[in-house]
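For the protein sequence lines, the chains are A and B, in the order given.
The opening position of the first sequence corresponds to residue 1 in my numbering, with each subsequent residue numbered one higher.
The opening position of the second sequence corresponds to residue 1001 in my numbering, with each subsequent residue numbered one higher.
The reader is advised that the hints may include incorrect statements.
Derived CB-CB ranges, DEER-like [what the hints assert, rightly or not]:
no., chain 1, residue 1, chain 2, residue 2, range
1, B, 1132, A, 206, 53 to 63 Å
2, A, 325, B, 1024, 42 to 52 Å
3, A, 24, B, 1103, 26 to 36 Å
4, A, 209, B, 1186, 20 to 30 Å
5, B, 1003, A, 203, 30 to 40 Å
6, A, 110, B, 1134, 23 to 33 Å
7, A, 269, B, 1186, 56 to 66 Å
8, A, 202, B, 1007, 51 to 61 Å
9, B, 1003, A, 281, 29 to 39 Å
Hint data in this document are derived by calculation from the structure and do not stem from the laboratory.
Built from N, CA and C at the ideal position, the CB exists for glycine as well.
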Amino acid sequence: MSALEPTKLDRPRASRDWSAADSGTAKSVAAALRRADLGDRLRSLALAAPLLVLLALSFGIPIVLLLSRAVYDPTIADALPQTSQALRGWNGTGLPDDAAFLALAADLRSNQAKGTAYELAKSLNARLPGARSQVLKTVRQLEAADRPPLEVMKAVPFWSAPGTWPVIESGTHSVTSFYLLSALDLRWNGDGGIERVSPEQAIFVQVFMRTFFVAAAVTLATLILGFPLAYLIASVPKGLAAILIVAVLLPFWTSILVRTAAWTVLLQKFGLVNDLLLWLGVADDRLDLMYSRIGLIIAMTHIQLPFTLLPIYSVMRTIQPSQMKAAYSLGAKPYTAFRRVYLPQVFPGVMAGCLLTFILCLGYYITPALIGGASDQLISNFIASYVNVELNWEMAAALSFILLVFTLALFGIFARILGLDRLKLV
Amino acid sequence: MLLSSYPTTGERIRITLLWLWCGMVILFLLVPILVPVPLSFNSGAFFIFPLEGISTRWYEVVLGTQRWQSAIGNSLIVAFGTTLIATTLGTLTAIALSDEKFPGRRIVMPLLLSPLIVPVVITAVGSYLFYARVGLASTYAGIILAHTALASPFVVVTVGASLTGFDRNLMRAAAISGARPITSIFRVMLPLILPGVLSGAAFAFVTSFDEVVVVQFLASANQRTMPLEMFIGLREKLSPAITAAATLMMVLSIVLLVVANLLARRGKQRPRID
């Protein structure tokens, strides 16, 4: 485009008579080119548009919707309109005035009439353990209507307990940080600060640490197993290398579910792994490898090994063997030559393979679900169980949010220092 | 092998250890995926070697009973639907992205790859939440849509790779000869990148056929696919029928991916026409 800038075209001919007409022609040519260029851009955008729109609908919106559930929960605000109104003037300390109690009683009764009382009870219970039975009990007593509502409310100690009203007040704001903080075992304390939840309620930090630990252990194991094999494949003649690479690709091309199924067969009490351990004399008795941390790590290592190995291999095959020979002939010991000549060059491949495996391990779901025990479930399994068992979408969303932040941050590091081209998923 | 012309003792030991270690790693890679194969032909009902006898009774269970048959049928419906949509739209997108005039490629490419990076449980739970609202949960269309998101990145990447070897001058030649852009794409470009497109289609098919997490959240009881039946079977009780199903799935994905990779290589190696 720049070669056709009108100024460059008309400058040498500036002295001629027809220069004005000529520069006009050049300008219109440039404009026409620019128009054509814009047309090309729009056409290529139009080609990509169907997939981009489909991905936005089938993938983008679902994820944004899910994540929004972590911070936006209008259940309580919708269920308690009068209470929200009454709590406007409350300063947040001590108990609110009787008007708030009456408003809450009215809201509870209207929820009972609409049939939404249980939903409200469940939603309050998620933020305030034990609230479900208290709400339902109060609703029943209000229904009986043998006493004035205020008296009923004051008679249930729960509504005068110090922790109750701040939770109701925070619930009347639809936007909440409650679930995100809970996902990190944190909560707001009474005076506007953030504190850790009590140790018996704290579960998620432990689950995240467990997920990181398993991911790190698997990454390390795949590196120890994969690096020498990648080196061997990159060093042997072409024909043999092709056979060896098939040994890596066959498991790579088998689905995670099938490989997990194979490991459930192998790890049984009377399975092949136990047979092997007995035969080698490593173990005196058959071990319980199924539903154990070690069984999970072994199976995940098997599944991830090609993901770590292939990026390392694709860097190693570009390194000339003559470089090592040159190092030797300059007097370097094998270890020195390896450390100072070979390793720095394969380092990007090692980083790519390890980061990829670590990122993928953070999201493991099938293998822990089938091979891990109750104490080996990773964060994805908790997300699934909050949806399937607890029906607590907000908590599932908050855990997804945190997991996604970690995943995308690591992926960003990957793209930043290694480039997207090193992402070998195909 | 790997030894220099005049190996020292230390070098011999190092190379021997390397071969031993790599031999063990290769056994570790291959044995687990090969073990279900003989077990699937076991005539007994257990997973224990030595086999009691050879029989195809577990294959008769997988291919003959109604439960597995409908699972295989569902898998095929979903996988073919996904392949069709993902290949068509993915190819168009790859063609668009291969044009250097495409605006914002550096933003679009990571977005297109993101379904591979986002943990699949998050995709599954999000789809469940959204599709239930718009009436797509428990429908084939919903499962196919979600699988298309997971499969299309493979198509974009594979077709994109085969387009790097495509000579854009051919498109200019077609335009000069009077072909409209659409005609030149169908008559000039598509025949030349066909191996890449077919390879992408095979990747898409396998991605959908092997997928279990999204299906677990989106499928109703009569939309269970083959992997989902396997997953449920593994959770409930281990039956050798699972090893037969696993063997069938393994053979299918390996065959398709071998074909896909051969095609992808052919797509990339095509000589340029001058």
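Check: Range hint 51 to 61 Å: satisfied by the CB atoms of residue 202 of chain A and residue 1007 of chain B?
Finding: holds, 58 Å
Note to self: A range of 29 to 39 Å was offered for this pair. Does it hold for the Cβ distance of residue 1003 of chain B and residue 281 of chain A?
What the structure shows: holds, 33 Å
Notebook entry, point to check: Taking 42 to 52 Å as the hint, is the beta-carbon distance of residue 325 of chain A and residue 1024 of chain B inside that range?
Noted result: violated, 29 Å
Note to self: Between the beta carbons of residue 1132 of chain B and residue 206 of chain A, is the distance compatible with 53 to 63 Å?
What the structure shows: With Cβ atoms ~31 Å apart, the hint is violated.
Item checked: Range hint 56 to 66 Å (beta carbons of residue 269 of chain A and residue 1186 of chain B) holds or violated -> At 60 Å between Cβs, range holds.
Notebook entry, point to check: Between residue 209 of chain A and residue 1186 of chain B, does the beta-carbon spacing fit 20 to 30 Å?
Noted result: About 55 Å separates the Cβ atoms of residue 209 of chain A and residue 1186 of chain B, which means 20 to 30 Å is violated.
Next item on the list: Evaluate the given range 30 to 40 Å for the C-beta pair formed by residue 1003 of chain B and residue 203 of chain A.
Entry: violated, 55 Å
Notebook entry, point to check: Is the gap between the beta carbons of residue 24 of chain A and residue 1103 of chain B within 26 to 36 Å?
Noted result: holds, 30 Å
Next item on the list: Take a look at whether the Cβ-Cβ distance between residue 110 of chain A and residue 1134 of chain B falls inside 23 to 33 Å.
Entry: With Cβ atoms ~30 Å apart, the hint holds.
Of the numbered hints stated above, those contradicted by the structure are hints 1, 2, 4, 5, listed in ascending order.
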